[in-house]
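Peer 1: Residues per chain are reported as follows:
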Amino acid sequence: MKNDERLRVPADWEKSERQLERERLRRRSSIRSGSVATASTILVVVLLLWLFTTSPGWPRVRETFFDLDQFTGALPDVLSGFLLNVKIFLIAEPLILIVGLLVALARNLTAPVFFPLRALAVIYTDIFRGVPTILIIYLVGFGLPALGLQGTPTDLATLGIIALTLSYGAYVAEVFRAGIESVHPSQRAAARSLGLSHGQTMRHVVVPQAVRRVVPPLLNDFVSLQKDTALVATIGPLEALRQAQIHVASTFNYTPYLAAALLFILLTIPMARFTDYLAARSQRRRGQ
Amino acid sequence: MSLLTIEGLWKNYQGHNVLRGIDLEVESHEVVCLIGASGSGKSTLLRCVNLLETADDGTITLDGEEITDARVDPDDVRKRIGIVFQAFNLFPHMSVLDNITLAPRKVHKVSGKEAEAQARDLLDRFGLGDKADAYPDQLSGGQQQRAAIIRALATRPRLMLLDEVTSALDPALVKEVLGIIRELKEGGMTMVLTTHEMGFCREIADTVCFLDGGVLLERGTPEQIFTDPREPRTREFVQNVIDARRL
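Protein sequences appear in the order of chains Z and X.
Adding 23 to a residue's 1-based position in the first sequence gives its number in our numbering.
Adding 9 to a residue's 1-based position in the second sequence gives its number in our numbering.
Since the hints were made in silico from the structure, they are not lab data.
Among the hints, a few may not be true.
[Said to hold, decoys possible] Reference listing, derived: stretches of chain Z covered by chain X, where coverage requires no fewer than 3 residues with Cβ under 8 Å from a Cβ of chain X: (1) 100-111; (2) 228-242.
[Unchecked claim] Only part of the chain X face toward chain Z is listed, based on derived beta-carbon distances under 7 Å: (3) Trp-19; (4) Asn-59; (5) Glu-62; (6) Arg-80; (7) Val-81; (8) Arg-87; (9) Lys-88; (10) Ala-96; (11) His-102; (12) Ser-104; (13) Leu-106; (14) Ala-112; (15) Val-116.
[Unchecked claim] Some chain X residues flagged as far from chain Z (calculated, every beta-carbon gap over 10 Å): (16) Gly-17; (17) Pro-83; (18) Asp-84; (19) His-117; (20) Glu-125; (21) Phe-135; (22) Arg-242; (23) Ala-253.
Just so you know, even glycine gets a beta-carbon here, dropped at the ideal spot from N, CA and C.
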């Protein structure tokens, strides 16, 4: 095509025959591979179920873990216990966010006068990320009342909340810290250049951006916290797992555990889907 | 008394002397252009004036007050100086209007209403009136840079520092930013700018300073520097610029 020829700009796009043929071929091949994949998946699942239910111990397992009468018998107590789990979660979560953010901000302070605060933040994070959550629950649950300080809560669920806050606060602090550090230093430079103090810069410029970035990992921690409320059972309050344990102890049937597990799943699955949705949305935004 | 006086400024980065004994005086309403190769210390100089970097030696005086004194509060000084960077650095999570009113409200304690009125007025004046409620990522590069300049202006600074503000822009967008700088000069703003736009520099500067390896090698009017420089290195630099057809 010569340079002085005017370029022909098509008015509307009508698919050529070649394109239609390509689309037909692609459609056929994708239907084919889709059906093969579905068929083989169904086959594998059926095979696994068959292996499961024809194993020698299956009848015994079924009556011990999947007993319908036991399930319906234990469900009311386990459900009311589960409400305690939800309560613990709803109270602990905001506390964890507050503690996490404060610790992350403390670690971010550079002025020499803040050294003790920064050191404290580092020590806190190191200790409470290092010790297993279940140990912290034991230590707080049995140790804190033993100190005999005035005003110490004695309610087991409250002690559980304190322990979970201390433990998860350390993780969330690290998540916030990563978020804060991921905000480009030029943002901080621009804010300081306008005369904003360190505190104002963090409050109006850095933290809002940091929080938006760490929503997916934070939600991940929430889902994790929901199931870790069961660990509180070790110090005694009548939440779902403990209720199940009581039923199991009297009937020697383990189905109540399954009931408790089911309730947890019912709560965490919507959370997990919501997390995925938010993560996908932030990916799309960043891709713009 | 000069608005800004820099005496014997030294700055060292990891053993490398980026600024070596810079002496410079800027009078009120003067426009000073800093030119020189990349790495010659132009940006560092601006950042030292704004106290984003701490000088390693020497003094900087603004309005008669020594701002490099260790007892001076940097935030206080930065309220009086406006700086605009090459990468705009608008706050992405706020609208343009919020970007502009943040500092007046929080730092200068201007009321929300007044700050907004002033911001809208500035935006209208510089052709961004309809973008007040837009977010930075919805603006073109030229619009973002203009918004960044307005943001610095909103705090009514004594001095504006502009660091390569057109270098990240498409040639088509450079014009609109140069326009706003021209208007600022007409309004009497004291400015120190670093730029690679030699043509613009020649048009707008009262004084041109050539920096080479951290040393202020030559200083003069645009005619002196661009048509008959004294120092050989200045000649070399200007010749390169002419060869690259940027003058």
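Peer 1: Could you tell me which of the hints above the structure violates, numbers in ascending order?
Peer 2: Numbers 1, 3, 5, 6, 7, 12, 13, 17, 18, 19 - these are the hints that the structure violates, sorted from lowest upward.
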